[in-house]
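Just so you know, the protein sequences line up as chains V and L, in that order.
Under this note's numbering, the first sequence has 210 at position 210, and the numbering climbs by one with no breaks.
One gets this note's numbering by counting positions in the second sequence from 1 and adding 1000 to each.
Worth flagging that the hints you see were computed from the coordinates, not collected in a lab.
Think of the CB as a built atom: it goes at the ideal place given N, C-alpha and C, for glycine as much as any other residue.
Watch out, some of these pointers could steer you wrong.
Output of the computed footprint for chain L on chain V, the stretches with three or more beta carbons under 8 Å from beta carbons of chain L [to be verified]:
1. 165–179
2. 282–292
3. 306–313
4. 328–342
5. 356–363
Computed far set for chain L versus chain V, every beta-carbon distance over 10 Å [as the list claims (entries may be wrong)]:
6. D1050
7. S1061
8. E1079
9. E1185
So you can see what is in the structure, the chains are spelled out below.
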Amino acid sequence: MHESAPAHGGDVLAETGEEVIGTSPIERTAAGETLGPEQELFTINFGPHHPATHGVLRLLVSLEGEVVRDLKPVVGYVHTGIEKSCEDKSYWKVIPFVERMDYLSYFFNMEAFVGCVERLLELEVPPRASYLRVLHMELNRIHSHLVWLGTSALDLGAMSMFFYCFRDRDRILDLFEMSTGQRMHTRYFQVGGVFEDIPLGFAHNLKAFLAEMPTRLDQYEAILNRNEIFLERTRNVGVVSRERLLDLGVTGPLLRAAGEPWDLRKVTPYESYADFDFNIPVGTVGDGYDRYRVRVQEMRESVRIVEQAIEGLPEGPWIADDRKVVLPPRDELSTSMEALIHHFKLVTEGFRVPPGEAYFPIESPRGELGCFTVADGSAKPVRVHIRDPSFVNLQSLRDQCIGGYIADLIQNLAMLDPILGGIDR
Amino acid sequence: MPDAPGLELIAQELNGAAEGSVLGTYHEHGQGCLIVNPERILDVLSWLRDTPGQEYHFLSSLHGVDYLPAEPRFGVVYELLNMPRAERLRLRAALADPGASASEPDRPRTRSGGGERLPEIDSCVSLFAGAEFPEREVYDFFGIVFRGHPDMRRILMPEEYVGWPQRRDFPVGGEPVIFTRNEPEMPRWFE
């Protein structure tokens, strides 16, 4: 994929033949050396409101001329205390709350929480529900990556990519609206299955989208893959070694771009991922370009998974038949007293979860999204914690940026794909 | 995941390697958990990371739990992962609340002020560099201090915030919201 690459993670000034005296200005000033005005450290505040931070992220950047010498992310500007609020809600009311954490991958947040509660309840999900979940999650992955691709390409100057990507993203939102009734934050997954079966005509629209999507991706790659500006901006920029990434806890496309084929869908298949045939794209160098290629390739794989899911969609119920957890069918309410009682108890109080704790990790578009839930036997969780991949991955930004130009910081941040709603929760 | 006998085996070997480090084990929903003495947490983590045959090199999550009214009250939970075997192991450092005896129950929690005694545990940033943000988050929400952490400050809440919002005795909606219209109703709210 690459021609000869310069030394990774090194100092850009060392590669340009510029005179570099000793090490960083911090160490030189500490050693008592007086520095020229252009060598002195200049600390700037970047964000929290800046179009390139993909949200309300603030960075304190120390610069020596144009070169980043230190970087400190400051987060918390959209902290809304979701985890605390979840402790005050019954389990089925937590679902819309956790959805709003990482607002681009709402199906994944739902799946992490719902899967965790199902693990606590030891509840089996019917195969049709499992397939529908996979189908929606993979559509969500394409959606999330499309938003990432559009905004990141916009950061690097490719304006039209933004409009192309949002055009296709909108078609996915139309599909979500058709099957779930909402475009975003759908509350479609329930404990035990999904809220409703897909409507008539959904499969037709979905197949039309799936038939078109690979061509669209070809077009996007034709715009970017050999684009001179894009290549110059992304290649060999922001390289962090695989060992360091693992040490920092980084997962997802960032880790796979560095050559580690780690994907929870393959390693510990949850839902019905074991039934599908798909590949895990990996990169070789781990620079911005590899991260871009890995994500675009992931969209292709997601298209394949959705195709298989809609073709092989099993018949049967779409939600488990456990009346202590799942709402009874609407038509039974007028004929069955038990159904009415169950319905009343579930709506007013919610279902109870036996005491215990569980951790349920899934592969979100940004990496390992884990939900840790502690239950005490009541209808409300004692603790819901979401291990958000953006929050952990953000720690690698410093390693990516130090020694590089400030323009590369924008590129690194774009290729990191942080979602501040997920970081701050 | 190590199964229930495998978990006991790990606990036994750990107690052999570091005396009194494992206080208990439990295995539920296919996941094993070691309850660990917080004073020995670094010994346990480095043993699990570096011993051949264990090699839990990846810390996938670190979070705090408040088990009020259980004793010891707090838990710092480490989700360890062995990538080649795809095995997960949970550690829970059981921390008592040193401020429990001193605090009177009707004291307003949001304005608890200084002099508070906080539970402490060793930071594992030296073993897992990725623990830096999660440890700050646990400090931010539970008031658990990590000794040896490079930058022990609040991360998500404002830096001047008082109180530990994720503790179970911290009320939801405990923070009055001040508008110009209701400011006279709350004289000296800023104190």
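Results for each hint:
Given a C-beta distance limit of less than 8 Å, the hint that chain L covers the stretch 165–179 of chain V is violated, as 0 residues qualify and 3 are needed. Proximity of the stretch 282–292 of chain V to chain L, defined as three or more residues with a beta carbon under 8 Å from a beta carbon of that chain, is not established by the 0 residues found. Coverage of a stretch by a chain is defined here by at least three residues with a beta carbon nearer than 8 Å to that chain's beta carbons; for the stretch 306–313 of chain V and chain L the count is 0, and the condition is violated. For the stretch 328–342 of chain V, the proposed coverage by chain L is not satisfied: 0 residues have a C-beta within less than 8 Å of a C-beta in that chain, short of the threshold of three.
For the stretch 356–363 of chain V, the stated coverage by chain L holds: 5 residues have a C-beta nearer than 8 Å to a C-beta of that chain, and at least 3 were required. With a least CB separation of 14 Å from chain V, D1050(L) remains clear of the 10 Å interface cut-off, as annotated. At roughly 4 Å from the closest C-beta of chain V, the C-beta of S1061(L) falls inside 10 Å, breaking its exclusion from the interface. Listed as outside the interface, E1079(L) is inconsistent with that label: its C-beta sits roughly 6 Å from the nearest C-beta of chain V, within the 10 Å cut-off.
For E1185(L), the shortest C-beta to C-beta distance to chain V comes to about 24 Å, beyond the 10 Å cut-off, and the non-interface label holds.
In terms of the numbered hints stated before, the structure departs from hints 1, 2, 3, 4, 7, 8, listed from lowest to highest.
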